[in-house]
Amino acid sequence: MATPPLLVVEDLKTHFFTRRGVTKAVDGVSFTLHAGETMALVGESGCGKSVTCLSLVRLVPEPAGRIVAGRVLLEGEDLLTKSPGEMRRVRGKKIAMVLQDPMTSLNPALTIGTQVSEVVRLHQKLRGAALRERVLSALRRLRISAADRRLVQYPHQFSGGMRQRVSSAIGLSCEPRLLIADEPTTSLDVTIQAQYLELLKEVQAAAGVAIILVTHDFGIVAAIADRVAVMYAGRIVEMGTTLEVFNNPSHPYTRSLLRCLPDAGLGRQKLVEIGGQPPDLSRLPAGCPFAPRCPERQAICLEQSPPTVSVGNGHLAECWATKPVSSPGSP
Amino acid sequence: MIEAFGLKKYFPASSGFAIGASGWVRALDGVSVKVGAGETLGIVGESGSGKTTLAKIILLLERPTAGSLRFDGKDVASFTRDDLARYRRSVQAVFQDPYSSLNPRMRVEHIVAEPLPRNGDMSRAEKSDRVREVLQLVGLRRDSAVLYPHEFSGGQRQRIAIARALVTYPKFIVLDEPVSALDVSIRAQILNLLKGLQEKLGLAYVIISHDLAAARYLATRMAVMYAGKLVETGECDAVYGVPLHPYTEALLSAALPLHPSARRQRIVLRGEVPNPMKPPDGCRFHPRCPKAMERCSNEEPEGREVKPGRFTACHLY
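Just so you know, the protein sequences line up as chains P and Z, in that order.
Be aware that the first sequence starts at 1, since it is given in this note's numbering, and climbs by one per residue.
Be aware that the second sequence starts at 1001, since it is given in this note's numbering, and climbs by one per residue.
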């Protein structure tokens, strides 16, 4: 792509300093994201995907958590060197977030109208009728029916799917350039999840916003992501376009994950298990963190960190066993 | 082995300060299912469809408002004390969240031994042997019996919960969302374990899940629920292959395939699951149904066998 990327993350490291030692929750994450693109960040709990997102907006819980290295460039400006005041003007305006559980991310004691207008008032400096118009259009865009009546209602009067739409309406109300959605559909039913994902895609196409979608569900990745980054133990172990990664998974962890998932369309073939447990991030083994569970482990994997290997077409994998490929597509 | 006929469960709904019930939540409204020995019935549906209420009735944790539950041909309502004790030994459960289903203050051996009868004919040594035997069966070390739940990971905790369900030599286990709380890489371990145990011990399962893929992996027969009603039952492969009821069709199409090239036109339902206090007249699915006819809004469809072994409640057939 000729246009400069919207977001460049370089070697981001976020560590937590606790009595038990240093937990390297994010340990050298780099990626770029273009406007209008959807990138999925997949991995199991504790692999660092949520901390990566929090680091982008500098909301890592302090003082235990600290961003110790790296750069986060949004439209060329480094977010990590901004003052707290400048950062507040970025959050909600340029980068918005939608969290997993709308029942906890919305304030139960304030009306929906108050909660949506708060953001618009702060960032767009609108007041009165113009503010109300803007709030209504934000809600309507996410298909909240009878939005004018809904303004005076409280979150408990909304169903789960509607609450998630309200929370997305808040996120998108100031036309952000980047939306970070952290497991937005985990608390929703399947048919409501399908509704929400469909709507998200539609709104994205209309607004041209880039999305970082955090999920552990490869079904969601396959359905809406343009690119995937698979995380394990604080690092991106494989990254590429969605089709590339699914057709030619180049890291043993991705391969194992794809083999161990039951597919509703396929029925009863045997699932291939991944043995062992995800690693303890404060006591990471030497070498590749996946090595103890890896079916393709070699001697070197236990000693040295694996190199990043290009398998063509911007498809990267961090593994000793993966053979570099220069021509795109071929395995 | 277990047969349910026309089970209904209405919960009284009180609104705030009003005294007495202001209405009834019809959690379950006339459901009949059957599970034979060694079989796995998958019950799928969205939240509020009544699947957990059905499980609670099977586990005798709730008494049905109407309808009957039979075990080996005998009505549960007419059970004697001995029958009840036998039923409770034969029918066990594994719940969703192994963090809340295991008492953090008990050692694993006491957790697992809890379902064993207190005044039974087993000595303390026999009980302890049995506990270690089932721990081994679920893939844990025999000496993990002396540890506490917090010393285990999520997947291992779920194994402890499964061990507890197995300790009384049950014939039938109700699995309520057994893998939903687990990490993706651990799910396969537990699903394979459950499948292996079934083959080894000849267990019958009821698996309740909103995860259609997990349900399909274990189930031989499938029951789809919507708003307290059974909308479709049949052999698993047949239901997934050619869904009959429009709701089943929409539910299956909402399940996301695991490959981007399989992105397909999804049937996206409008609206939401109806309020169980005021279910719509006629077919409960008709306000959201893409194939609704006039008849659907005033006449409630009966469950009928429309193809051999396939029951559905829909006016289309």
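There could be a bad hint or two in this list.
Keeping only pairs whose Cα atoms sit at most 27 Å apart, straight-line, the calculated DSS-like set for lysine-lysine is [stated by the list, open to error]:
id, chain 1, residue 1, chain 2, residue 2
1, Z, K1008, Z, K1056
2, Z, K1200, Z, K1307
3, Z, K1034, Z, K1200
4, P, K94, P, K82
5, P, K201, Z, K1034
6, Z, K1278, Z, K1074
7, Z, K1195, Z, K1034
8, P, K125, P, K13
9, P, K270, Z, K1171
10, Z, K1307, Z, K1056
11, Z, K1291, P, K270
12, P, K270, Z, K1200
These are calculated hints, taken from the structure and not from any lab test.
Inset, instruction - Given the hint that K1307/Z pairs with K1056/Z, test it: the Cα-Cα distance must not exceed 27 Å. - result: Since the Cα atoms of K1307/Z and K1056/Z sit roughly 30 Å apart, the hinted pair is violated (cutoff 27 Å).
Inset, instruction - Below or equal to 27 Å on CA atoms is what counts here, so check K1291/Z against K270/P. - result: violated (36 Å)
Legend entry - Proposed proximity, K1171/Z with K270/P (alpha carbon, max 27 Å): At roughly 24 Å apart (the allowed maximum being 27 Å), K1171/Z and K270/P satisfy the hint.
Inset, instruction - Quickly compare the C-alpha distance for K201/P and K1034/Z to 27 Å and report which way the hint goes. - result: Answer violated: K201/P to K1034/Z is near 42 Å, above 27 Å.
Legend entry - Hint consistency between K1195/Z and K1034/Z [alpha-carbon to alpha-carbon, up to 27 Å]: Roughly 20 Å between the alpha carbons, so the hint for K1195/Z and K1034/Z holds.
Inset, instruction - Please work out if K1034/Z and K1200/Z have their alpha carbons no farther apart than 27 Å. - result: With Cα atoms ~22 Å apart, K1034/Z and K1200/Z stay inside 27 Å; holds.
Inset, instruction - Verify the proposed pairing of K125/P with K13/P, using a straight-line Cα cut of 27 Å. - result: violated (35 Å)
Legend entry - Given pair status - K1200/Z, K270/P, alpha carbons within 27 Å: Holds. K270/P to K1200/Z sits at ~16 Å (cutoff 27 Å).
Inset, instruction - Sort out whether K1056/Z lies within 27 Å of K1008/Z, counting only the CA atoms. - result: Measuring from Cα to Cα gives roughly 12 Å; hence the hint holds.
Legend entry - Pair hint K94/P and K82/P, alpha-carbon separation not exceeding 27 Å: Distance of about 14 Å is within 27 Å: holds.
Inset, instruction - Starting from K1278/Z, check that the Cα of K1074/Z is at most 27 Å away, please. - result: violated (34 Å)
Inset, instruction - Given the hint that K1200/Z pairs with K1307/Z, test it: the Cα-Cα distance must not exceed 27 Å. - result: Since the Cα atoms of K1200/Z and K1307/Z sit roughly 33 Å apart, the hinted pair is violated (cutoff 27 Å).
When each numbered hint is compared with the structure, violations occur for hints 2, 5, 6, 8, 10, 11.
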